[in-house]
Amino acid sequence: GQQLNQSPQSMFIQEGEDVSMNCTSSSIFNTWLWYKQDPGEGPVLLIALYKAGELTSNGRLTAQFGITRKDSFLNISASIPSDVGIYFCAGQWVNNNDMRFGAGTRLTVKP
Amino acid sequence: NAGVTQTPKFRILKIGQSMTLQCAQDMNHNYMYWYRQDPGMGLKLIYYSVGAGITDKGEVPNGYNVSRSTTEDFPLRLELAAPSQTSVYFCASSYSRQTSTDTQYFGPGTRLTVL
Chain A
1 GQQLNQSPQS MFIQEGEDVS MNCTSSSIFN TWLWYKQDPG EGPVLLIALY
51 KAGELTSNGR LTAQFGITRK DSFLNISASI PSDVGIYFCA GQWVNNNDMR
101 FGAGTRLTVK P
Chain B
1 NAGVTQTPKF RILKIGQSMT LQCAQDMNHN YMYWYRQDPG MGLKLIYYSV
51 GAGITDKGEV PNGYNVSRST TEDFPLRLEL AAPSQTSVYF CASSYSRQTS
101 TDTQYFGPGT RLTVL
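Residue numbers (the numbering used here), protein chains in the order written: chain A, 1 to 111; chain B, 1 to 115.
Just chain A, with the same shape it has in the complex (with noise of 0.2 Å):
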């Protein structure tokens, strides 16, 4: 199946630093998103991204569709304890509902 490359797959940083993952893909996707899920519950969506090249932000998160169209990366600023938690990315097409997760990255912040 598809493969979606998700790094680093864990970090570990003081609380107040920036993070910084991406996912890369063989396969180009329409639509990239970015999920954190908290243990025992399911994933949250923080970001969806639609267009090539498109810059989104969420309060101290920003996300980015890679011009190429298989790749993202997702950015957390001035970490903070309840961040922590595992992130995914996720790609989908566009002439169907499927989607592809990457294997996560688990974050951990020091306070």
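Keep in mind that the hints were calculated from the coordinates and are not lab data.
Heads up, some of the hints might be wrong.
[As the list claims (entries may be wrong)] Pairs of lysine-lysine, DSBU-like flavour, derived with a Cα cap of 35 Å:
1. B:LYS57 / A:LYS70
2. B:LYS14 / A:LYS51
3. B:LYS44 / B:LYS57
4. B:LYS9 / B:LYS57
5. B:LYS44 / A:LYS70
6. A:LYS110 / B:LYS44
7. B:LYS14 / A:LYS70
[As the list claims (entries may be wrong)] Cβ pair distances, simulated, as ranges:
8. B:ILE15 / A:ILE67: 44 to 50 Å
9. B:GLY16 / A:ALA78: 50 to 56 Å
10. B:GLY3 / A:ILE28: 28 to 34 Å
11. B:PRO75 / A:VAL44: 20 to 26 Å
12. A:GLY53 / B:ILE12: 44 to 50 Å
[Claimed, not checked] Facing chain A, according to a computed beta carbon distance under 7 Å, are these residues of chain B, among others:
13. GLY58
14. PHE90
15. THR103
16. PHE106
17. GLY107
Glycine is no exception: its CB is placed at the ideal position from the N, C-alpha and C atoms.
Got chain A; can you put chain B on it based on the hints?
Below, chain B alone, put in the same frame as chain A:
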């Protein structure tokens, strides 16, 4: 609104048994999805539906069946449970395709173990 509800929360099956995972949403969403999440991995789409009576396969449909007779309900059926189906199953719904003003709501998950 209860949002997306899933039952049961936990289940242990023996190899070869069958069961239905229930999913319901009360938000009048057209789109519904079933995912599985294996430990340390992202979600994999099993099946999805864009409306009552319409279902389509996702990335990993083998061993599963779905139906969508109503807008509210989207049950997932395992006919012959196998250990490879041990996973956490998430149901999700959205009003339409992901848009800038829409979002996909996830249920709390069903943790299934097949022994």
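*Hint numbers the structure violates, sorted upward?*
2 and 7
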